[in-house]
Amino acid sequence: MADNVTPRIRVPREAAAGEVIEIKTLISHQMESGQRRDGDGNIIPRSIINRFVCDFNGETVIDVTLEPAISTNPYFEFTATVPESGTFTFTWYDDDGSVYTDTKEITVS
Amino acid sequence: MTFNRRQALVMSMGAAAAAVLPLRLSAAIEDNIAAFTGGAEIGEGGITLTAPEIAENGNTVPVSVSAPGATAIMILAAGNPTPAVGIFHFGPLAGAQSASTRIRLAGTQDVIAIAQMPDGSFVQASQEVKVTIGGCGG
Chain A
1 MADNVTPRIR
11 VPREAAAGEV
21 IEIKTLISHQ
31 MESGQRRDGD
41 GNIIPRSIIN
51 RFVCDFNGET
61 VIDVTLEPAI
71 STNPYFEFTA
81 TVPESGTFTF
91 TWYDDDGSVY
101 TDTKEITVS
Chain B
1 MTFNRRQALV
11 MSMGAAAAAV
21 LPLRLSAAIE
31 DNIAAFTGGA
41 EIGEGGITLT
51 APEIAENGNT
61 VPVSVSAPGA
71 TAIMILAAGN
81 PTPAVGIFHF
91 GPLAGAQSAS
101 TRIRLAGTQD
111 VIAIAQMPDG
121 SFVQASQEVK
131 VTIGGCGG
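Sequences listed follow chains A and B, in order.
Here the first sequence stands for residues 1 to 109, where the numbers follow this note's numbering.
Here the second sequence stands for residues 1 to 138, where the numbers follow this note's numbering.
Isolated chain A, as found in the complex:
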């Protein structure tokens, strides 16, 4: 389990029906690539987040497959269409089986 994994997400609080909004997410994670060596020359085992999914009311917005070439603290910026008020669910899947989730509410006026 990676230490201090904290997701940070920016979603507007309100939107018009059908509006396209911008979402920014960042999660603190060391994303150890499995290519680096420690002081004794041993390879540091790979430990990354391998999948990120964003849903809105159960429908997929984006589903990303991550490889070791994604930087430390994976950052994603993308857009979503908001048909009605609801909840965005953000899920990150770690190599070690951990799953990190966070949600954001949005109100359609």
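Since the hints were made in silico from the structure, they are not lab data.
Heads up, the beta-carbon is just placed ideally off N, CA and C, and yes, glycines get one too.
Each hint should be verified, as a subset may be incorrect.
Claimed, not checked - Non-contacting residues of chain B with respect to chain A, defined by C-beta distances greater than 12 Å in every case (computed): (1) N4; (2) R6; (3) S26; (4) A27; (5) E30; (6) G38; (7) I42; (8) G46; (9) I75; (10) S100; (11) R104; (12) M117; (13) D119; (14) S126; (15) T132.
Said to hold, decoys possible - Here are the computed distance ranges between Cβ atoms for each label pair: (16) B:S100 - A:E105: 21 to 27 Å; (17) A:G41 - B:R6: 39 to 45 Å; (18) B:N57 - A:K24: 16 to 22 Å; (19) B:E128 - A:R8: 30 to 36 Å; (20) B:A27 - A:V108: 29 to 35 Å.
We have chain A already, so just place chain B on it with the hints.
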């Protein structure tokens, strides 16, 4: 000049090795592309890849991809130890088929983006990024 059997054998082996070597270098990339496209032809246009021309730090290079209408976009870094970077799958609620992230680049190399279109065709774009400090440790 005539060849005996041994000379002919050595020469044919050398020719075979020379033919295989350039393929070897890009085999990992080819494998990644084939896994994504299933061997389909890749066209041009309809996809935009935005990356800096010069990245001072290869540990975090901002890249953006955009392909209106695409169902998925794959990013590859041709010069990394493992070329795969990631695949974005766009769901029904994606506002636009575009995304930005930050990637690691081991050195100066081409970054390639390939988009899968809803009709099953593929398009690609690539850009060279000059990297001052590589981002794969070691």
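### Query
Which numbered hints turn out to be false for this structure?
Violated: hints 9, 10, 11, 20.
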